[in-house]
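*Asks:* Single-letter residue listing:
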Amino acid sequence: MTEELLVPSRSLPVGPIGRRGVGWWGVGTLVASEAALFTYLLFAYFYLGATAGDGWVLEPRPHLAVALPNTLLLLASSLVAWWAERGVLRARRAQALIGFGMATLMGGAFALIQLHEWHTKPFSFGTSSYGSLYFLTTGLHEAHVVVGVLILAFIFLWTALDYFSPRRRLSVSAGVLYWHFVDAVWLFVFTTYYLTPYLGFGR
Amino acid sequence: MKAVQLRAPVVGPDSVAHQARLLQWWEAEGGLKGFFGSVDHKVIGIRYIVTAFVFLMLGGLEALVMRLQLAGPDRSLLTPQQYDQLFSTHGMTMIFLYASPVLSGFSNYLWPLMLGSRDMAFPRLNALGYWIYLASGIFLYTGFLTGNGPNDGWFNYVPYASRPYNPGLNEDFYSLGMVFLGIATTVGAANFIVTAFRTRAPGMSLDRLPILAWGTLTASFANLVVVPAVSLAFLMLWLDRQFGTQFFNTAGGGAPLLWQHLFWIFGHPWVYAIVLPAMGMVSDGLPVFCRRPLVGYSLVAISTVATMILGFGVWVHHMFATGLPGLGMSFFSAASIAITLPSAVAVFAWLATIRFGKPVITTAFLFFSSMILLFVIGGVSGFMTASVPVDWQLTDTYFVVAHLHYVLIGINVFPVVGAIYFWFPKMRGRMLDERLGRWNFWVMFIGFNLAFLPMHLTGLLGMPRRIYSYGPEMGWTTLNLITSLGSFVFASGVLLLLVNVIRSWSKGQPAGANPWDAPTLEWSVSSPPPVYNFAVIPTVASRHPLWEGRLSSPTCSSLQEGPLLDEGRESLGTSAVEASPDMILEVPQDSCAPAVLAAGVAGTFSGLILKSEPLVIVSAVVLGLALLWWLWPRRQLREREPA
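From first to last, the protein sequence lines stand for chains A and B.
Per the working numbering, the first sequence runs over residues 1 to 203.
Per the working numbering, the second sequence runs over residues 1 to 643.
No lab work stands behind these hints, which were simulated from the structure alone.
By construction, the Cβ of each residue, glycine as well, lies at the ideal position given by its N, Cα and C atoms.
Fair warning: there could be bad hints in the mix.
Claimed, not checked - Restricting the straight-line Cα-Cα distance to at most 25 Å, the calculated cross-link-like pairs of lysine to any residue (SDA-like) are: (1) A:Lys121 - B:Thr250; (2) B:Lys611 - A:Leu140; (3) B:Lys611 - A:Val146; (4) B:Lys507 - B:Ser524; (5) A:Lys121 - B:Ser524; (6) A:Lys121 - A:Val146; (7) B:Lys611 - B:Leu169; (8) A:Lys121 - A:Ala184; (9) B:Lys611 - A:Ala143; (10) B:Lys611 - A:Leu136; (11) B:Lys507 - B:Thr362.
Said to hold, decoys possible - Now the in silico label distances, taken between C-beta atoms and shown as ranges: (12) A:Gly200 - B:Gly147: 47 to 53 Å; (13) B:Leu551 - A:Arg10: 29 to 35 Å; (14) A:Glu59 - B:Pro389: 39 to 45 Å; (15) A:Leu187 - B:Leu628: 26 to 32 Å; (16) B:Arg7 - A:Ala91: 20 to 26 Å; (17) B:Ala251 - A:Thr39: 23 to 29 Å; (18) B:Glu567 - A:Thr39: 43 to 49 Å; (19) B:Leu373 - A:Leu187: 49 to 55 Å.
With the hints as constraints, model all of the structure from the sequences given.
*Replies:* What follows is the structure, given as structure tokens:
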């Protein structure tokens, strides 16, 4: 009988165990859709930059003094979140709490520094299509950072309430996946707006 | 107390006592909470279908008013401005509020039943998708009813849609409404993808999926990655209009063509997204009436996916007349011609199925098989415009209008009406009237061709689309009169469908579980199905579990005996490719969180159009709280350890 082949007598997990659960896949599809959104934003940048005349990039030599360390801060927060997730995985609650607390603060700091970075720009969103795109792209990213920080804060709270165990932790893993995405996509945004001008794009 | 984390599902036979136990977990609540909180895919699916049909009627009425205006030369029923809003709203309604949601409705209703599961992977997300769709539809129609409907065509080119040339709220309603609707499409697509890969019955490997599932799955992959393009384009347009950004303004270094690229990067894959599931309905429904399996199942499945992949590379064929470089256009032209190959595979598979089968002529068969003819006509006229020089001659004429109606009515409306005749008995437990069905079919078929076949000629004679009137000296009078007559005949055919559904709702012949003697899992349960769908999770051994005795299949499926899963609201999670049992899924209970969340989103968008900061803030708080309520880890779903 096929049935005996297909429904083994072995035990199956009841509900999400580890990353095994439909929720993990759900966040995966969310990330795919969001990644597409940023792809279109960067497509718009390269399309307008390639078809516009000289001087389209309003900042041919973007200041890296704040942006580069801030980028490193965001990437480091991803590492910290990963370390915190390992804490949940190994039932080390102190490690998890310290990790998620730090990641939340680091993400929050990135968001504040980014606000400051906006104020130092010599152009505004209405100056030209470059300005509009810069503020829309970094603005949408900032919105994702804020959502990510809230997620990290709630994971911190839920960890403090002792909701999770090495097995029951799908919310943690899904939230951390989203945070990794927010950080990874910034690398593309940063490279496009801050580094490609040095390589000669838009000049 | 330590909660159970691992369990071997009890396998056993179906029984009355077992069904009573299941009902304890699954029975729906009544009252307001039951209404706003339902997460049952069958309820949601029917809501989608009914709502989409209301929009189909509205869009149809708009078309009839336009046909009255165009029935003769120099008529003055409508002002040019009214005409602009009518044709734009008609396009928006049919393409965004009818064609895609109606397919989502059928797939929502049918998927878990076809796949042998008790619900979708994300039942609450399913409810959210519906509420957002409904709310965004009301939002867009609020614009129309207050004289602020879209008025630059459904693809809404800048600079027409830019504020200096279009100062009213029309384009703001359209822009925000489309971003709003995009949320529904995206969450729906995510749900279909995860459902397809994780909640099939054991044994239903990917090569045993019904073609409807292939079509919707493929369309969902496309929607997931292309909807952000149009949402972004509309967001940019709204910012340009209200906040002085320069995305599309040439004076500020922006580019109107950026709009066209972003719109069509979305728009063309979307066209396939609203026909592939409908083609799937034909691939699954037609063979039932030919009394044999579909010819070339694997080829049809592969060509479904291939159509979509090529479909990502053809968007520029909407932009041949915009002065792009010739070499680039040749590539897009070649891709647009190549895409006819996978479409032809499906056509020949259907024809072969009819040829090698023993057709039983029913109303559903008539709708499904006539779709093949309409598909070929619409496909060939599309193939013609894939050629750049031909496109230059035909673009923006009624030839294109004829083409797109053959595609959208021929490959969407006809299969959908066929699907209603085919699956209504499952949904309602009663048959639709076959005699009235014949009238329904022939009136629609004759009316449709009477309306749209002459339109090709109108286009070749040079009548531009979207003009509100024309002079008697142009020589378009007779053709337009025929089209107007045809459109009213077609509309009365749709009315017959409505009459049939209303009459059969309570007076139709009882259907029984499998009135058509069809082979797939949805026909193995009662009509209408019980709230938990399957008392025991079926185990599938072939593509046609209900035809196994007749086809020479060596294995047999198990439909009456299998995992009972009656210790909670449970269903079975299976592995992505082979569909072997992987986990026991906890299915969420009814919840009002999706409806509240949708209300928060609706409030936010209303605040944005009214420029009311308090409304935006209050709604955003409601939205956030609903989300938190939703995502808070629950014991029932075993998302957390019991304290």
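*Asks:* Next step is simple, just say for each hint if it's right about the structure.
*Replies:* Here's how the hints hold up against the structure:
no., hint, verdict
1, A:Lys121 - B:Thr250, "holds, 23 Å"
2, B:Lys611 - A:Leu140, "holds, 20 Å"
3, B:Lys611 - A:Val146, "holds, 23 Å"
4, B:Lys507 - B:Ser524, "holds, 24 Å"
5, A:Lys121 - B:Ser524, "violated, 65 Å"
6, A:Lys121 - A:Val146, "holds, 21 Å"
7, B:Lys611 - B:Leu169, "holds, 12 Å"
8, A:Lys121 - A:Ala184, "holds, 24 Å"
9, B:Lys611 - A:Ala143, "holds, 20 Å"
10, B:Lys611 - A:Leu136, "holds, 19 Å"
11, B:Lys507 - B:Thr362, "holds, 19 Å"
12, A:Gly200 - B:Gly147: 47 to 53 Å, "holds, 51 Å"
13, B:Leu551 - A:Arg10: 29 to 35 Å, "holds, 32 Å"
14, A:Glu59 - B:Pro389: 39 to 45 Å, "holds, 44 Å"
15, A:Leu187 - B:Leu628: 26 to 32 Å, "holds, 29 Å"
16, B:Arg7 - A:Ala91: 20 to 26 Å, "holds, 23 Å"
17, B:Ala251 - A:Thr39: 23 to 29 Å, "holds, 28 Å"
18, B:Glu567 - A:Thr39: 43 to 49 Å, "holds, 44 Å"
19, B:Leu373 - A:Leu187: 49 to 55 Å, "holds, 52 Å"
Comparing the model with each earlier hint shows a violation of hint 5 alone; every other hint is respected.
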